[in-house]
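There are 2 protein chains.
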Amino acid sequence: MNRNNNHLVIMAGGVGSRFWPMSTPECPKQFIDVMGCGRTFIQLTMDRFKGIVPAENVWVVTSAKYAEIVKQQLPEVPEENILLEPCRRNTAPCIAYVCWRIKKKNPRANLVVTPSDHMVVDQDEFRRVITEALDFTADSDAIVTLGMKPTRPETGYGYIQADLTTPSLRHKSIYRVDKFREKPDLATAKEYVKHSEFFWNSGIFVWNVETIVNALRIYQSDIAQVFEELMPYLATENEQKMIDERFPQCPSISIDYAVMEKAEEIFVFPADFGWSDVGTWGSLITLVDKDSDGNAKIGNRIELHDSKNCIVHTSEEKRVVVQGLDGYIIAEKDDTLLICKLSEEQRIKEFSQD
Amino acid sequence: MNRNNNHLVIMAGGVGSRFWPMSTPECPKQFIDVMGCGRTFIQLTMDRFKGIVPAENVWVVTSAKYAEIVKQQLPEVPEENILLEPCRRNTAPCIAYVCWRIKKKNPRANLVVTPSDHMVVDQDEFRRVITEALDFTADSDAIVTLGMKPTRPETGYGYIQADLTTPSLRHKSIYRVDKFREKPDLATAKEYVKHSEFFWNSGIFVWNVETIVNALRIYQSDIAQVFEELMPYLATENEQKMIDERFPQCPSISIDYAVMEKAEEIFVFPADFGWSDVGTWGSLITLVDKDSDGNAKIGNRIELHDSKNCIVHTSEEKRVVVQGLDGYIIAEKDDTLLICKLSEEQRIKEFSQD
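Taken in order, these protein sequences are the chains called A and B. Position in the first sequence counted from 1, then plus 1, gives you the working numbering. Position in the second sequence counted from 1, then plus 1, gives you the working numbering.
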C-alpha cells in the first residue's frame, strides 16, 4: 500500500440539533469539545488518522457557513481541500463531489469516508482496522464498511448483516454483506444482537476512488452525470461557482441507499474499537468520566450538590451550581440555557426550534 | 408640616448574599430589578416618596464601591447626598453619620430612614402612613417605627410589641412600644400572631434629626462623639477623608439595639400596606405574578415545560428552557448559574462563598 495514495474524507455538514444548545446551527456538534478533552469532535476525527493519511490528503466536505470554523480547527488541512456544499443533499452527492475532486488530483487514491462527530475509544485498534481495510481496497474494487459488534439492542443505529460463512479471499476477517438493515424496533434489535452476523453500521466506508466513481456511474447515473460535467471546473478558480450552480440539482439521497444496498462487491469488516455516534445526551453520559454519583461534568467550574445521574455541559468560564437534581441535562452556551430530564431528551429538537 | 424639612435616608450598604447569583457583592439586590418591573429596588424605594420628600432631600448611605451604581440609578439625588461608608458597621453608625450630616444642613429636618431593598404593594396606604408619621415627629421628640400587621408566623422578622391600651395623645393609631422582640422560633411566632399587639419590625423609622442626634448622644456616646468631632468637616472637601479615618472606629451595632430598645419616647405605627423585606426566594415567589402552574418568570425569554412552582430569574437577553422541574430556583447572571430546590435555599449563602 502506498501511503501517499491514502485519502481521508471527513463529512462535516451536520447540524446536531439533538444536542442543543451545546450544538447550534452556527456551531454544530462536530465543532465542539463535547467530551471536555480540549479537542473538538472533528479534531479528534482527524487525529485518529495521523500516520495513516498525510494532512495534504485530508478532505472536509461541509456547508459554506462552517468554512471558517474548519480552517480554524484543522489548520493542517489545505484550504483547497475544504469543499463547500451550497445546500444539504444527504451523503451521496457529498461523497460524489469529493470523489470526483480527488480523482482529478489522484486517480489511484484509496480513501476512508467518515462522519466528523463520532467517538472511538481504542485508537490503536481503530488504526489497525483502518490500515487493513485500506490495504484491502488499494488494489480491488471492494467497498468495505466498518461494522461494529453490537453491545446492546440499540434502535438508533442501522445494522449490517454479514455472510459469515465465506470470509473474503484476501482477509479472513472481512466478509461479504448479506443485507443492510434500517434502524430496527426494539424487538427486532433484540433478535439482531442474539445473532453474531449483525453489526452496527458505523457510517465509515473504505474504498478506492475508482470504485466509488464507477459505482455511482452505475447506480446513480444522474449524480454521476452532474460531476462528469463539472470535472473540467474542479480544482480551478471556477469550481465553487459551478458547484453552487449544479450541486443543488442532485437528488437528496444517502450513500447507503444510493450505492451500498445495490453494489455487488460490498464487504463488512467487523470491528470492536469502542465506537459511538454520540447521537444523544444519554449516549454521551455513558461515554464520559462520571463522579461516584453518576454525574458527568463537562466544564471547569461545575459544582453538584445532592445530585446524581446528571450531565452538565457548559462553556469553560461559566460557574454552575446545581443542588438537588436527579437525571437531568443542564447545558449552557452563550445566551441559552437548557434544563431537561434525560428521559425527555427527544423533546430537545422541538425546544431548539423556537 | 413643612415639606421642605422632610428628608429621606435610604440605607443601601447591604450585600444580599441570599439571592446569589442574581445578587452579587458587585451588584447586590437593592440595585437589581428583582421584580422584573423595569425599576430596581432602590429606585422603587425612592419612587414611593415622590411628593413627600423633595429629591434634593434624599440621602443614600452606601459602600464606596456602589457609589457609581447609585449615581446611575438615582440621577435626581444630588451627588453630595450620597454618603460613602468606608466599611460596614451595621445601622447605628450609618444613621449617625447621615443624621449629623443632615443636621449641619438643616437642624429642623424631619426624616424617614428606610432600607433600600424592601417591597411595598399599596403605595397610597404607604404614603398616608409616612405622611402622618412625619406629621407626628415634626414637632416632637418621638421615634416612630412602622409595625406591619403580621399575616403569618414569620420567623425571619423581628417583632414589635405595642401597648395598645394607650394610644398616643396626638394620633389615635400610634402606640407606645412595650418591647422589641428578636426573630422568634416558630412556636413563639405562632403565639405572637394570635395576639393583636405584635407587629413585624419593618426597619422603617421616622423621627426628626434633633431627636435621633440626642438619642445617640445619650445611648451611644462613643458613636456620638465621633460625629461631634467630625462635624466641622462634614459638607467640606475633607469630609470623605475624615470619615474614612474615623468611621471605622465606631462599634458595629444595629440602630434597634443601640437606640430603639433603650429610648423612652418610642412609638409604633401599625400599618398594612403589603410589605415584605423580600429576604428569600421563597418570599419573592409569593410577591410576583405567576402562571397557572405557579411558576414565576422574571426575564424575557423563559420557557417552562412540564414544570411548576419554579422561580426563574435571568438577565433579559438570556434564553432559558426548563423541562420537568417542580419547586426549583433557577437564577442566572453573567458568568454564573444556580439551580437549587426552593426548600434548600438556605444553602445558597454557602454556595455563593466558593
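Please keep in mind that the hints were generated in silico from the structure rather than gathered at the bench. Be a bit skeptical, because a hint or two may be false.
Within a straight-line C-alpha distance of at most 27 Å, the following computed DSSO-like cross-link-like pairs (lysine-lysine) qualify [unchecked claim]:
(1) B:Lys242 with A:Lys342
(2) A:Lys319 with B:Lys105
(3) A:Lys350 with B:Lys66
(4) B:Lys309 with B:Lys104
(5) A:Lys319 with B:Lys104
(6) B:Lys180 with A:Lys334
(7) A:Lys104 with A:Lys263
(8) A:Lys319 with B:Lys184
(9) A:Lys105 with A:Lys72
(10) A:Lys291 with B:Lys66
(11) B:Lys342 with A:Lys309
(12) B:Lys242 with A:Lys309
(13) A:Lys350 with B:Lys309
(14) A:Lys104 with A:Lys72
(15) B:Lys184 with B:Lys350
(16) A:Lys66 with B:Lys342
(17) A:Lys309 with B:Lys334
(18) A:Lys106 with A:Lys51
(19) B:Lys350 with A:Lys334
(20) A:Lys319 with B:Lys342
(21) B:Lys104 with A:Lys334
(22) A:Lys342 with B:Lys184
(23) A:Lys342 with B:Lys104
(24) A:Lys309 with B:Lys184
(25) B:Lys66 with A:Lys342
(26) A:Lys334 with B:Lys319
(27) B:Lys334 with A:Lys319
(28) A:Lys342 with B:Lys342
(29) B:Lys334 with A:Lys334
(30) A:Lys350 with B:Lys334
(31) B:Lys350 with B:Lys309
Fair warning: this is a prediction, and the values are worked out from it, not measured in the lab.
Here is how each hint holds up against the structure:
With a C-alpha separation of about 57 Å, the suggested pair Lys242 (chain B) and Lys342 (chain A) falls outside the 27 Å cut-off, and the hint is violated. Note on Lys319 (chain A) and Lys105 (chain B): the hinted pairing is violated, with a Cα-Cα distance of about 49 Å set against a maximum of 27 Å. About 45 Å separates the Cα atoms of Lys350 (chain A) and Lys66 (chain B), which puts this hinted pair outside 27 Å; it is violated. Straight-line distance between C-alpha atoms of Lys309 (chain B) and Lys104 (chain B) comes to about 52 Å, which puts the hinted pair past the 27 Å bound.
As the CA atoms of Lys319 (chain A) and Lys104 (chain B) are separated by approximately 48 Å, the hinted pair breaks the 27 Å bound. Taking the CA atoms of Lys180 (chain B) and Lys334 (chain A), the gap is near 54 Å; set against the 27 Å cutoff, the hint is violated. For the given pair, Lys104 (chain A) sits about 22 Å from Lys263 (chain A) by alpha-carbon distance, which is consistent with the 27 Å threshold. For the hint pairing Lys319 (chain A) with Lys184 (chain B), the CA-to-CA distance comes to about 37 Å; that exceeds 27 Å, so the pair is violated.
Between Lys105 (chain A) and Lys72 (chain A) the alpha-carbon distance is near 23 Å, which keeps this suggested pair within the 27 Å criterion. Between Lys291 (chain A) and Lys66 (chain B) the alpha-carbon distance is near 41 Å, which puts this suggested pair outside the 27 Å criterion. About 14 Å separates the Cα atoms of Lys342 (chain B) and Lys309 (chain A), which keeps this hinted pair within 27 Å; it holds. For the suggested pair Lys242 (chain B) and Lys309 (chain A), the alpha carbons sit about 54 Å apart, so the restraint of at most 27 Å is broken.
A C-alpha spacing of about 22 Å is found between Lys350 (chain A) and Lys309 (chain B), which places the hinted pair at or below 27 Å, so the restraint holds. This hinted pair checks out: Lys104 (chain A) and Lys72 (chain A) have alpha carbons roughly 23 Å apart, not beyond 27 Å. For a cut-off of 27 Å, the pair hint linking Lys184 (chain B) to Lys350 (chain B) stands: about 19 Å separates their Cα positions. This hinted pair does not check out: Lys66 (chain A) and Lys342 (chain B) have alpha carbons roughly 41 Å apart, beyond 27 Å.
Annotation: proposed proximity of Lys309 (chain A) to Lys334 (chain B) holds, straight-line Cα distance about 24 Å (limit 27 Å). A C-alpha spacing of about 21 Å is found between Lys106 (chain A) and Lys51 (chain A), which places the hinted pair at or below 27 Å, so the restraint holds. A C-alpha spacing of about 25 Å is found between Lys350 (chain B) and Lys334 (chain A), which places the hinted pair at or below 27 Å, so the restraint holds. At roughly 20 Å between alpha-carbon atoms, Lys319 (chain A) and Lys342 (chain B) fall within 27 Å of each other, so this suggested pair holds.
Restraint check: the Cα-Cα separation between Lys104 (chain B) and Lys334 (chain A) comes to about 54 Å, which exceeds 27 Å; the hinted pair is violated. Proximity of Lys342 (chain A) to Lys184 (chain B) is assessed by CA-CA distance (about 40 Å); at most 27 Å being required, the pair is judged violated. Annotation: proposed proximity of Lys342 (chain A) to Lys104 (chain B) is violated, straight-line Cα distance about 61 Å (limit 27 Å). A hinted pair counts as satisfied when its Cα atoms are at most 27 Å apart, and Lys309 (chain A) with Lys184 (chain B) does not qualify at roughly 36 Å.
Note on Lys66 (chain B) and Lys342 (chain A): the hinted pairing is violated, with a Cα-Cα distance of about 41 Å set against a maximum of 27 Å. Our distance criterion of 27 Å between C-alpha atoms is met by Lys334 (chain A) and Lys319 (chain B), whose separation comes to about 10 Å. In summary, the hint linking Lys334 (chain B) to Lys319 (chain A) is supported, as the alpha carbons are separated by about 10 Å, within the 27 Å threshold. For the given pair, Lys342 (chain A) sits about 15 Å from Lys342 (chain B) by alpha-carbon distance, which is consistent with the 27 Å threshold.
Distance check on the hinted pair: Lys334 (chain B) and Lys334 (chain A) sit about 13 Å apart at the alpha-carbon level, within 27 Å; holds. Proposed proximity of Lys350 (chain A) and Lys334 (chain B) is supported: the alpha carbons are some 25 Å apart, at most 27 Å. Restraint check: the Cα-Cα separation between Lys350 (chain B) and Lys309 (chain B) comes to about 24 Å, which is no more than 27 Å; the hinted pair holds.
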